[in-house]
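Using the hints provided, position chain B relative to the given structure of chain A.
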Amino acid sequence: MKGLIDFIKAFNYKDLLTGLWVTLKEFFSKNVTEQYPKERPELYPRFRGRLTLLKDEEGEDLCVCCMACVKACPTGVISITADKKEGRKTRFPAKYDFNMDRCIFCEMCVESCNFGAIGLNQEFELAQYDRKDFKFDKEKLYIPTPKVEYKK
Amino acid sequence: MDYTMANIVIPSVKILIVFGVVLLTVLFLTYAERKVIAFMQVRLGPMRVGPWGLLQPIADGIKLFLKEDIMPTKADKLVFFLAPTLSIVPALLSFLVVPFGSETTFFGLLKEPTKMVISDLNIGILYILAISSIGIYGIMLGGWSSNSKYPLLGGLRSAAQMVSYEVPLGLSLVGPVLMANSLSMNEIVEAQKGMWFFIPQILAFLTYIACAVAETNRAPYDMPEAETELVAGFHTEYSGMKFAFFFLAEYANMIVVSAIAVIMFLGGWLPPFAFMASWGIPPVIWFSLKVGFALFCFLWIRATYPRYRYDQLMQIGWKFFIPVALINIFITALILVLKG
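Residue numbers (the working numbering), protein chains in the order written: chain A, -3 to 148; chain B, 6 to 345.
Isolated chain A (complex conformation) (with noise of 0.2 Å):
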């Protein structure tokens, strides 16, 4: 008799049941899938996305060549050639060339910027195509990433 009550423990009847109660919670639960293309991700503000070039309410930019941002950025992928122009106390970036080959996304860039002058946008799907698409000039940082599209 003993055997047979210590052979009806060891079912263990109690996890039996307790793992039907967890499935059967988890049935009506909310799911957490994300249908991706379709539903998009909600990102946090500090999300570190693409780097963008900011401009002051004047369309001017706010950039005044300091050099911080390439100093900073440790795997160096922003050069700056500084320029000056009429009506401008300050220098002004004739170029701003960022390669996003190598960038890790760091902010170290942004947090190194005494002005304001540059920012990470909440873009993450960066991939592209051809590597030269990763190389950005001064106006396509004004600007969302643009998407190739191929087809068939």
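Hint data in this document are derived by calculation from the structure and do not stem from the laboratory.
The model shown is predicted, which means the values in this text are computed figures rather than measured ones.
Beta carbons are placed, not taken as given, at the ideal position from N, Cα and C, and that holds for glycine.
Honestly, I wouldn't trust all of these hints.
So the derived list for chain B, only partly shown, Cβ under 10 Å to chain A, looks like this [what the hints assert, rightly or not]: (1) F44; (2) Q46; (3) V47; (4) L49; (5) M52; (6) P56; (7) A308; (8) T309; (9) W323; (10) F325.
Taking lysine to any residue pairs in the SDA-like style, the calculated list, with each CA pair at most 20 Å apart, reads [stated by the list, open to error]: (11) A:K10 x B:W305; (12) A:K136 x A:M96; (13) A:K21 x B:L208; (14) B:K324 x A:M(-3); (15) A:K5 x B:V41; (16) A:K26 x B:Q320; (17) A:K26 x B:T309; (18) A:K5 x B:L28; (19) A:K34 x B:C302; (20) A:K10 x B:I214; (21) A:K5 x B:Q46; (22) A:K80 x A:K34; (23) A:K10 x B:L208; (24) A:K5 x B:K324; (25) A:K26 x B:L208; (26) A:K136 x A:K85; (27) A:K26 x B:R39; (28) A:K26 x B:I214; (29) A:K26 x B:L183; (30) A:K21 x B:Q46; (31) A:K26 x B:K324; (32) A:K34 x B:P51; (33) A:K91 x A:I74; (34) A:K21 x B:L59; (35) A:K34 x B:K324; (36) A:K21 x B:R39; (37) B:K324 x B:V172; (38) A:K21 x B:A43; (39) A:K136 x A:K26; (40) A:K26 x B:V41.
Using the frame of chain A, we list chain B on its own:
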């Protein structure tokens, strides 16, 4: 009602309806399985084919139908070809005696009501046990004729498992048969008017559920398939439509054992309480709801429990389920005799 009508037309129509409904249910049971398990794992499951992935089983069917049919060179050609048929035909034949409801006039098409069962055999439950045993041959022969080690192991395991679990399965059905004093499915259901048999026969009911899961090769007793150790067990070498037949047979068997559980223990097409009979819900709906719930339990169990070890499986079968089923028969018989 003349002879042709009663003996040819009505049975043929019934067969067509049952065949169509069963195959559709089997198709969408695969969908339901993926969906239920996905929800239990906090996923979404198939979503891309059709709204909510509803056309997924049809897409799967088309894919399997168009696939190349590969036959291993060293396989026993005839047996290899025969095995899937041997496993699906008994599964579908079992529906011959399953009563889906009490009586119907096919929405007033017939003058006299006819029974909602293709053939009301007076040995219905015996017939199902006999037929479903044949299904094992399909799996065994499929595993044997593939001439490959994993299918062979799967086939051997399934033979041992099914022979062991056939015994407590049959024994657990003796209790309700004793109480109903009949082997006919219709009469067993009618006998449950007062109380469903799963209350007095709770031991038999639990034994039946456990053995039914083992009998249909479902998790946690899916020894013959055991993806993690035997690749896919007996159907490793099968592809295309032959594989689909094995797959359909497994799901059809699930529906058969659920239907038997509902008929023998859960009052068949009867409503849960006597006063609900006046609500005007057709018996067939009650029956479908109960079978649907039983099928959900199958999927629920699969999503919850890991696989048993092989020796544990055999130990439980012979040392626990068979004695329990025998004790249940003894108690039931004793009480029935004392009551006179």
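Verification of the hints:
Because the beta carbon of F44 of chain B sits about 5 Å from the nearest beta carbon in chain A, less than 10 Å, this interface hint is met. A distance limit of 10 Å between C-beta atoms decides the matter here; for Q46 of chain B the minimum to chain A is near 7 Å, and the interface restraint holds. Among the interface hints, the one on V47 of chain B holds; its C-beta lies about 5 Å from the nearest C-beta in chain A, closer than the 10 Å criterion. About 4 Å separates the beta-carbon of L49 of chain B from the nearest beta-carbon of chain A, less than 10 Å, and the hint is met.
The interface hint given for M52 of chain B holds, since its Cβ lies 7 Å from the closest Cβ of chain A, which is under the 10 Å cut-off. The interface hint given for P56 of chain B is violated, since its Cβ lies 13 Å from the closest Cβ of chain A, which is over the 10 Å cut-off. For A308 of chain B, the interface hint holds, since its Cβ comes within 10 Å of a Cβ in chain A; the closest pair sits about 5 Å apart. Because the closest C-beta pair between T309 of chain B and chain A is about 5 Å apart, less than 10 Å, the hint holds.
The beta carbon of W323 of chain B comes no nearer than 12 Å to any beta carbon in chain A, farther than 10 Å, and the hint placing it at the interface is violated. Look at F325 of chain B: its Cβ gets to within about 7 Å of chain A, closer than 10 Å, so that hint holds up. About 17 Å separates the Cα atoms of K10 of chain A and W305 of chain B, which keeps this hinted pair within 20 Å; it holds. Proximity of K136 of chain A to M96 of chain A is assessed by CA-CA distance (about 12 Å); at most 20 Å being required, the pair is judged to hold.
Note on K21 of chain A and L208 of chain B: the hinted pairing is violated, with a Cα-Cα distance of about 27 Å set against a maximum of 20 Å. About 14 Å separates the Cα atoms of K324 of chain B and M(-3) of chain A, which keeps this hinted pair within 20 Å; it holds. For the given pair, K5 of chain A sits about 30 Å from V41 of chain B by alpha-carbon distance, which is inconsistent with the 20 Å threshold. Of the supplied pair hints, the one linking K26 of chain A and Q320 of chain B is violated, its CA atoms being roughly 40 Å apart against a limit of 20 Å.
A hinted pair counts as satisfied when its Cα atoms are at most 20 Å apart, and K26 of chain A with T309 of chain B qualifies at roughly 18 Å. Distance restraint check for K5 of chain A and L28 of chain B: the Cα-Cα separation of roughly 41 Å exceeds the 20 Å cut-off, and the hinted pair is therefore not satisfied. Pair hint K34 of chain A plus C302 of chain B does not hold up; C-alpha atoms about 33 Å apart against a cutoff of 20 Å. A threshold of 20 Å between alpha carbons decides the hint, and for K10 of chain A with I214 of chain B the separation of about 18 Å falls inside it, so the pair holds.
For the given pair, K5 of chain A sits about 28 Å from Q46 of chain B by alpha-carbon distance, which is inconsistent with the 20 Å threshold. Annotation: proposed proximity of K80 of chain A to K34 of chain A is violated, straight-line Cα distance about 47 Å (limit 20 Å). For the given pair, K10 of chain A sits about 18 Å from L208 of chain B by alpha-carbon distance, which is consistent with the 20 Å threshold. Of the pairs offered as hints, the one joining K5 of chain A and K324 of chain B holds, with about 14 Å between alpha carbons and a cut-off of 20 Å not exceeded.
Under the criterion of a C-alpha separation no larger than 20 Å, the hint pairing K26 of chain A with L208 of chain B is inconsistent with the structure, at around 36 Å. With a C-alpha separation of about 25 Å, the suggested pairing of K136 of chain A with K85 of chain A is violated against the 20 Å cut-off. Only pairs whose Cα atoms come within 20 Å are accepted, and K26 of chain A paired with R39 of chain B is accepted, the gap being roughly 17 Å. Among the hinted pairs, K26 of chain A with I214 of chain B is inconsistent with the structure: their alpha-carbon atoms are about 30 Å apart, more than 20 Å.
Between K26 of chain A and L183 of chain B the alpha-carbon distance is near 46 Å, which puts this suggested pair outside the 20 Å criterion. This hinted pair checks out: K21 of chain A and Q46 of chain B have alpha carbons roughly 10 Å apart, not beyond 20 Å. With a CA separation close to 42 Å, the supplied pair K26 of chain A and K324 of chain B exceeds the 20 Å bound. Taken as a hint, the K34 of chain A and P51 of chain B pair is honoured in the structure, with Cα atoms around 15 Å apart against an allowance of 20 Å.
For the given pair, K91 of chain A sits about 10 Å from I74 of chain A by alpha-carbon distance, which is consistent with the 20 Å threshold. A hinted pair counts as satisfied when its Cα atoms are at most 20 Å apart, and K21 of chain A with L59 of chain B does not qualify at roughly 24 Å. With a C-alpha separation of about 54 Å, the suggested pair K34 of chain A and K324 of chain B falls outside the 20 Å cut-off, and the hint is violated. Only pairs whose Cα atoms come within 20 Å are accepted, and K21 of chain A paired with R39 of chain B is accepted, the gap being roughly 17 Å.
Under the criterion of a C-alpha separation no larger than 20 Å, the hint pairing K324 of chain B with V172 of chain B is consistent with the structure, at around 12 Å. This hinted pair checks out: K21 of chain A and A43 of chain B have alpha carbons roughly 13 Å apart, not beyond 20 Å. For the given pair, K136 of chain A sits about 41 Å from K26 of chain A by alpha-carbon distance, which is inconsistent with the 20 Å threshold. The hinted pair formed by K26 of chain A and V41 of chain B meets the criterion: a straight-line CA distance of about 13 Å does not exceed 20 Å.
When held up to the earlier numbered hints, the structure conflicts with 6, 9, 13, 15, 16, 18, 19, 21, 22, 25, 26, 28, 29, 31, 34, 35, 39 and fits the remainder.
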